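Protein chains: 4
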Amino acid sequence: MPHTCETRFRVRYAETDQMSVVYYANYLVWMEVGRTDFCKMLGFNYKEMERDGAFLVVTEASCRYLAPARYDDAIVVETRLDRLNRRFVTFGYSIRNADTGNILAEGSTVHVAVGLDQKPKSVPQPYFDMLTKAARQAGE
Amino acid sequence: MPHTCETRFRVRYAETDQMSVVYYANYLVWMEVGRTDFCKMLGFNYKEMERDGAFLVVTEASCRYLAPARYDDAIVVETRLDRLNRRFVTFGYSIRNADTGNILAEGSTVHVAVGLDQKPKSVPQPYFDMLTKAARQAGE
Amino acid sequence: MPHTCETRFRVRYAETDQMSVVYYANYLVWMEVGRTDFCKMLGFNYKEMERDGAFLVVTEASCRYLAPARYDDAIVVETRLDRLNRRFVTFGYSIRNADTGNILAEGSTVHVAVGLDQKPKSVPQPYFDMLTKAARQAGE
Amino acid sequence: MPHTCETRFRVRYAETDQMSVVYYANYLVWMEVGRTDFCKMLGFNYKEMERDGAFLVVTEASCRYLAPARYDDAIVVETRLDRLNRRFVTFGYSIRNADTGNILAEGSTVHVAVGLDQKPKSVPQPYFDMLTKAARQAGE
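Protein chains in written order, with my numbering: chain L, 1 to 140; chain R, 1 to 140; chain F, 1 to 140; chain G, 1 to 140.
Please note: incorrect hints may appear among the correct ones.
Copies of one chain are not kept apart here, so a pair can be met inside one copy or by any two copies together.
[As the list claims (entries may be wrong)] Okay, derived cross-link-like pairs now, DSS-like style, lysine-lysine, Cα gap no bigger than 30 Å in a straight line:
#, residue 1, residue 2
1, Lys-119, Lys-47
2, Lys-47, Lys-121
3, Lys-121, Lys-40
Hints listed in this document are in silico derivations from the structure and should not be mistaken for laboratory results.
Predicted, not measured: the structure shown is a model, and the values here were computed from it.
Work out the full structure: start from the sequences and follow the hints.
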């Protein structure tokens, strides 16, 4: 199993702004799309984890913007697990233009596991196990 | 009590697209902002109605675009109640440039009341009464 | 050549709202994604048409919402050309859940061709020819 | 002249997600709204600076999320100038619930000045002077 996940899509017109490039907040949406795919690759559906009453709430997000993305550009988001413990999960993202290979942005999000009561809790065991496996492979 | 409600704000950079005008889907967001204010003017908080287990789900939305809105333009959304019965509520919207008075768009949304089970139900009495009052005034 | 175009993607978390379904304005974004693909299927890149100084500005949009879409649902947007003349183009859209086949929404957008000066002009000949071909096939 | 700028608005339904809180990317939109107001307070319209052929492109953005914001919450964004030189401008943001005073998020964005050719250039003199004045006051 690879320890990174690639997600591909094209830039939507809605995502551009009057500078004719993708508006900066949309990269965080793209990270979320990458994250969803990454979790599926590990074998769990984040949707199901929410149904099980556990949520991964974002506590930090950051992005460095290196080159602009434009309407209809082919984008690839590479998602990886950067850090993991019982309470916190950190994902890293490289966003590239799929045709040129140019890096457009590098990002990171930190998540804390919470329950339905919005209070911190441990990542439920089966999900934690799947994340651990991914963390190990990333470290190899 | 007036039978229309005016909501004012400025165009966000995020709302523009590469044509340097506001992206067309954002007018539906503005209608929602107007709707929220209209309900407050009637004396109810839509937020509370949701807490009471009743939701106004959109079943139809339409918009005619007459002139473009640009970044930082002052916008005014005029919201009114166009039709009302136990099951359906229709809101109408006129969106203007607040400085020039020019009409930018005319819109309409139709809503059906549903419960937590997503099944149609009547608009709860106290909310229906407030809407009825507004419908009467609009008809006068 | 088929006269409709299918575009497939999954619902993003960003597209949901607190009712746990896709926020209504996002269906207009999906229509735009379908439209982009439809134009490509006909053989032209809308991006290039803009570079040639011709824009298809939305003058009307409407949507009927039949069933909700939820996070991570597989969506298919079917786009077709509904009407065409020198000045106006009307696209129609059927949005379905790709797994169940259920229709989620039916939409329509009307566009007018404008130049860089934002004044109406005819759809440029090569693009008009490609649209005409699609219109003919749709009529057969 | 104060050296921070306060921007107030209410959470839009569109900004919530299925966790019933504001989706994390929207905080970057709010920062942009604060930034626009901050520049106006200094005496310049960012819109005009773009017309003069100078753009402040985001090169870094980060946000720490401390407490959730919910639909219709009154929000206040406090924007300040954190660092300034000829090429780079750093803005800082504190986002609070206007009713409770609770801090919801702390953010930061770094911008580089570019020309119409997308190449780095110095911030144009009149704009730089206004930013310098604000930087001095912030340092006092």
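Against the structure, the hints:
1. Lys-119 to Lys-47: both (19 Å within a copy, 23 Å between copies)
2. Lys-47 to Lys-121: Both. Shortest intra-copy (18 Å) and inter-copy (28 Å) distances satisfy the 30 Å Cα cut-off.
3. Lys-121 to Lys-40: within (22 Å within a copy, 37 Å between copies)
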